[in-house]
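Undergrad: Chain by chain, the residues run as shown.
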Amino acid sequence: MSKVRVATTSLAGCFGCHMSFLDLDERLVPLADVVEFNRSPITDIKHCGPCDIGLIEGGVCNAENVHVLREFRNNCKILVAVGACAINGGLPAMRNSVPLEACLREAYLDGIGVENAHIPNDPELPLLLNKVHPIHEVVKIDYSLPGCPPSADVFWKFLTDLIAGREPGLDYDLVHYD
Amino acid sequence: MESFIKQLTEKYQHQSTQLLMILREVQAQYFHVPSQAIDLLVTQLDVPKTQILGVIEFYSFLSATPRGRYDIYISDSITDHMLGKKAVADYLCEKLHTPLGTVRADGLVSIANSSCTGLCDQGPAILVNGHAVGRLNKARIDEIAALIQQKTPVTEWPTSLLQVDDNVQKSGLLLDSHLEKGAAIEAAWQRGLEQTLHEVEKAGLRGRGGAGYTTAWKWHLCYEGYEEDSFCDISVHKQPQRYVVCNADEGEPGTFKDRILLNSYAHELIEGMTLCASIIKSNQGFIYLRGEYLHLYSKLNAVIAERRAAGLLGANILGKNFDFDVEVRLGLGAYICGEESALIESLEGKMGVPRNRPPYPVTSGYLNKPTVVNNVETFVAAAHIGLHGGDWFAAHGTEKSKGTKILSISGDCARPGIYEYPFGTTIKTILEDCGAEDVLGIQVGGPSGTFISNKEFDRKIAFEDLATGGSFIIFNSSRDIFEIVRNFTHFFAHESCGFCTPCRVGTSLMKNQYDKICTGHGSTGDVRELQEIAKLVKSTSHCGLGQTAAQPILTTLERYPELYNAKLKQISFEPGFDLDGSLAIARKLTGRDDSNAHLAQVEEE
Amino acid sequence: MTGTKHITIDGQTVPFEEGQTIMEAAAAAGVYIPHLCHHPEFTPHGSCKLCTVKVNGRSASSCTFPAAEGQEVLNNSDELNADRKRLTQMLFVEGNHFCPSCEKSGNCQLQAVGYHLNMLDNHYPHFFALRDVDASHPDVLVDRNRCIFCSLCVRASHQEGKDVFGIVGRGINKHLAVNSESGKLADSDLSVDDRAAHICPTGAILVRGTAFKVPIGQRLYDHHDIDEVSLGASHE
Numbered sequence: 000m001s002k003v004r005v006a007t008t009s010l011a012g013c014f015g016c017h018m019s020f021l022d023l024d025e026r027l028v029p030l031a032d033v034v035e036f037n038r039s040p041i042t043d044i045k046h047c048g049p050c051d052i053g054l055i056e057g058g059v060c061n062a063e064n065v066h067v068l069r070e071f072r073n074n075c076k077i078l079v080a081v082g083a084c085a086i087n088g089g090l091p092a093m094r095n096s097v098p099l100e101a102c103l104r105e106a107y108l109d110g111i112g113v114e115n116a117h118i119p120n121d122p123e124l125p126l127l128l129n130k131v132h133p134i135h136e137v138v139k140i141d142y143s144l145p146g147c148p149p150s151a152d153v154f155w156k157f158l159t160d161l162i163a164g165r166e167p168g169l170d171y172d173l174v175h176y177d
Numbered sequence: 000m001e002s003f004i005k006q007l008t009e010k011y012q013h014q015s016t017q018l019l020m021i022l023r024e025v026q027a028q029y030f031h032v033p034s035q036a037i038d039l040l041v042t043q044l045d046v047p048k049t050q051i052l053g054v055i056e057f058y059s060f061l062s063a064t065p066r067g068r069y070d071i072y073i074s075d076s077i078t079d080h081m082l083g084k085k086a087v088a089d090y091l092c093e094k095l096h097t098p099l100g101t102v103r104a105d106g107l108v109s110i111a112n113s114s115c116t117g118l119c120d121q122g123p124a125i126l127v128n129g130h131a132v133g134r135l136n137k138a139r140i141d142e143i144a145a146l147i148q149q150k151t152p153v154t155e156w157p158t159s160l161l162q163v164d165d166n167v168q169k170s171g172l173l174l175d176s177h178l179e180k181g182a183a184i185e186a187a188w189q190r191g192l193e194q195t196l197h198e199v200e201k202a203g204l205r206g207r208g209g210a211g212y213t214t215a216w217k218w219h220l221c222y223e224g225y226e227e228d229s230f231c232d233i234s235v236h237k238q239p240q241r242y243v244v245c246n247a248d249e250g251e252p253g254t255f256k257d258r259i260l261l262n263s264y265a266h267e268l269i270e271g272m273t274l275c276a277s278i279i280k281s282n283q284g285f286i287y288l289r290g291e292y293l294h295l296y297s298k299l300n301a302v303i304a305e306r307r308a309a310g311l312l313g314a315n316i317l318g319k320n321f322d323f324d325v326e327v328r329l330g331l332g333a334y335i336c337g338e339e340s341a342l343i344e345s346l347e348g349k350m351g352v353p354r355n356r357p358p359y360p361v362t363s364g365y366l367n368k369p370t371v372v373n374n375v376e377t378f379v380a381a382a383h384i385g386l387h388g389g390d391w392f393a394a395h396g397t398e399k400s401k402g403t404k405i406l407s408i409s410g411d412c413a414r415p416g417i418y419e420y421p422f423g424t425t426i427k428t429i430l431e432d433c434g435a436e437d438v439l440g441i442q443v444g445g446p447s448g449t450f451i452s453n454k455e456f457d458r459k460i461a462f463e464d465l466a467t468g469g470s471f472i473i474f475n476s477s478r479d480i481f482e483i484v485r486n487f488t489h490f491f492a493h494e495s496c497g498f499c500t501p502c503r504v505g506t507s508l509m510k511n512q513y514d515k516i517c518t519g520h521g522s523t524g525d526v527r528e529l530q531e532i533a534k535l536v537k538s539t540s541h542c543g544l545g546q547t548a549a550q551p552i553l554t555t556l557e558r559y560p561e562l563y564n565a566k567l568k569q570i571s572f573e574p575g576f577d578l579d580g581s582l583a584i585a586r587k588l589t590g591r592d593d594s595n596a597h598l599a600q601v602e603e604e
Numbered sequence: 000m001t002g003t004k005h006i007t008i009d010g011q012t013v014p015f016e017e018g019q020t021i022m023e024a025a026a027a028a029g030v031y032i033p034h035l036c037h038h039p040e041f042t043p044h045g046s047c048k049l050c051t052v053k054v055n056g057r058s059a060s061s062c063t064f065p066a067a068e069g070q071e072v073l074n075n076s077d078e079l080n081a082d083r084k085r086l087t088q089m090l091f092v093e094g095n096h097f098c099p100s101c102e103k104s105g106n107c108q109l110q111a112v113g114y115h116l117n118m119l120d121n122h123y124p125h126f127f128a129l130r131d132v133d134a135s136h137p138d139v140l141v142d143r144n145r146c147i148f149c150s151l152c153v154r155a156s157h158q159e160g161k162d163v164f165g166i167v168g169r170g171i172n173k174h175l176a177v178n179s180e181s182g183k184l185a186d187s188d189l190s191v192d193d194r195a196a197h198i199c200p201t202g203a204i205l206v207r208g209t210a211f212k213v214p215i216g217q218r219l220y221d222h223h224d225i226d227e228v229s230l231g232a233s234h235e
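Residue numbers (numbering that gives the first Met the number 0), protein chains in the order written: chain A, 0 to 177; chain B, 0 to 604; chain C, 0 to 235.
Just so you know, these hints were derived from the structure itself, not from any lab. In this text the structure is predicted, and so the values were computed from the model without any measurement. Each hint should be verified, as a subset may be incorrect.
Said to hold, decoys possible - Pairs of lysine-lysine residues, derived as DSSO-like cross-links and limited to a Cα-Cα distance of at most 27 Å, are as follows:
1. A:139 with B:368
2. B:349 with C:183
3. B:349 with B:10
4. B:180 with B:298
5. C:53 with B:537
6. C:53 with B:534
7. B:319 with B:280
8. A:2 with A:76
9. C:161 with B:368
10. A:139 with C:53
11. C:161 with B:510
12. A:139 with B:150
13. B:201 with B:85
14. B:427 with B:399
15. C:84 with A:156
16. B:5 with C:161
17. C:84 with B:534
18. B:10 with B:201
19. B:427 with A:139
20. C:161 with B:537
21. B:280 with B:201
22. A:156 with A:2
23. B:319 with B:349
24. B:566 with B:85
25. A:139 with B:568
26. C:53 with C:84
27. B:454 with B:566
28. B:510 with B:537
29. A:139 with B:137
30. A:76 with A:156
31. B:510 with B:85
32. B:180 with B:280
33. B:319 with A:76
34. B:349 with C:161
35. B:368 with B:399
36. B:137 with B:169
37. C:161 with C:183
38. B:454 with B:368
39. B:137 with B:94
40. C:4 with B:515
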């Protein structure tokens, strides 16, 4: 039987969900028997190939996030929003109450201790969106795993369900928004 | 300001129930409600500041920030749009140098949109400091602009501008003739009040607001109380203060029939209220007049004064040892106040938030006393029944819908205006009478009613088929269904009182979702989603507003699925916000315009 | 047993006393009906609509609807719970509910109802509304981002004769207002001992200095479903 192909990425997130995934610890070994990783910080593969499952951490805060998210959507049969930021923007979305212009001015022009005041404008840098958005507002999402981060048990339950061909479900103890 | 507020509150006897009337005058004096006035009113009326703040923010015609000395509201009803509202509004704004939604720098003019002002048969219409001006065109706007430039008070404007026509095109049972003043009351006392209530029952009169509750039962329940209450001490439940309230807050877009009744049949209306009062033993009545009908306020008061002088209102009416009087209270721009319990809250000087029911107003209404709330047309019909008896009325209409219905006809027809028909009249007959051709569909009963297509002209105006409060908007085949439904959907989101979750959040979600589909950004999933929200809002909302807010969407989805399908993109998903637009600020701040500084809304294949 | 009246909830016979609402009868019988704006000690409000049930086939808010002999009430059905989940999601997208940054997390009823209904995402587009925080009061903080308009603080403060809070405005622009000349909480009559300071089901009104006495992960709803917590409280 061929392995299930999984890709992961972090958009506007803190990689905390990835760290939590690694908390699977010794369960990573049996998982590796049935799962093969494509694009992911774990593999350092830079672009997503055809996959069964894509795990997205983080919300959408800039233009690059949109491109990456679309690449995942185009290549993954099942796309999963992982963690609070992917689901509702999370902590990065708390900047939504401050106008973008004020954010950038404070950070690069007017803030205390700023030297060589100028807003970075290298074409290599992704531009910020006015607001940070949850990923379901940009592409279609199939499943969501809440938590900040979702615990390793959540990943385990979800992946083992999917791999076994069961409809994934999370019991009460596995559902947390914090 | 202190002396002004003091005089004002004295005029209204420091009653917090008069808060709306008081704030209306403060707004007129200062073009807003200044915070100093709020603090003074807190002391003078002994109400929490939050109640006053709540009222100011709740009602469209009050403002906490200064409006122009000429405060203009443009009616944004679909009927005004069909008569060229957009062009007229643009010209008005240009002529007065005031963009829509702003206050001019010199403070002379402010312009904003408003929900339907009830001049659908003579639009496009505006309100200037509360006064209605209809049939707007360039010439009339030039005239208005000149008057404003000369700072002529609106009350001194030529009648040619302020004239509002009745526009009765077809009269019937109620509109054919006027009752002799006091005749119905006299007849009722002669017949006996119990017997008169029986006549109202025999007439089969049902509420004309649209819901159609049997009027005689409402009056009976108000007097007797519900069966379970009859166990309490008879002296308690037989002697309470009771109120008669006339709901003259017709806010349903496309309806204006009460305007005519209030203007030309006010005697019949008040006679009907007096009749009701004599039966239920009430000594105080209110007419809750929508703020948009300010032009009828002094007329109504004149009729009331005339009736007092004639011994038809006040103490010992017609020597029957029966006291009853009527007070007119003005609304301030809130559609929800047409819902009877919201209306009562508003009468009490509060935000118009519908109450939980039970208890119903008939047992616990104004100031928690038993209260009958009836539509203007219902009281007018009751007056006629009081004189002519139940059989006379019941001889018209259908088995379940007796008598006649007054329709406000607007939109695409040769002769818009007021039409009175026996219940059971077909749509086909109505369309022929008003000269409607090439009809695409009709909104019967306004946005909260039913949109019928041109395959349904054999249907009838009746509670058992097409129930209506009177709004009847005709659309010909040049009209765009999506623009119609969009206008209505925005209307409901604007008018939701915000009390319950499904209506407060759901009407805004529907609005955004509908805009997305309308502007060609919807996918199949978006229509499914829209339908799901619509059903949820309909089934879980607190009151009639939320329960009907999805009607325009649901009734057109059912009738025109092919039109909706044609609007959809052949993609599975498109973001609900403008991706590239969302980069505009960052582009501006960085001065970038390279290809990486842009995003396509939908990914190129 | 003559004189005792009954309704059925999901087929289960539930007795009630004259004057009880369906919610009250249900709670007394150990039947949980999800709710947020209802609190047994205050006048029912009927605004959150989570407690919507079918009474003889028609939708009604169980917190305000009187129980009456022979009513057949449908409560714990897939369809009603699906509606409740959507209503909860509406509350989440309407405000700014970022649980990881909220000190009420784990003790929050909005969150707990979400857990109970197995709500895993917010489903709708977010409004990201701009709302104010009032940190003027030395003992109590108001964060309007988390207000769900249940009016419990309004009712509690009214009952205390203070009327510190009010919900003002219309439609989606509704907001929580404070009854003081400046509009700030510090200038109001609120005291930290007021019931109104402690009644908020979410993190919109917080008592300062209590934030992390109980660590995240060990809080009320981290391990107890709100159905048992709610019924436990009403049995006390």
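Undergrad: Tell me, in ascending order, the numbers of any earlier hints that this structure violates.
TA: Of the numbered hints given earlier, those the structure breaks are 1, 10, 11, 12, 13, 18, 19, 20, 23, 29, 33, 35, 36, 38 and 40, listed in rising order.
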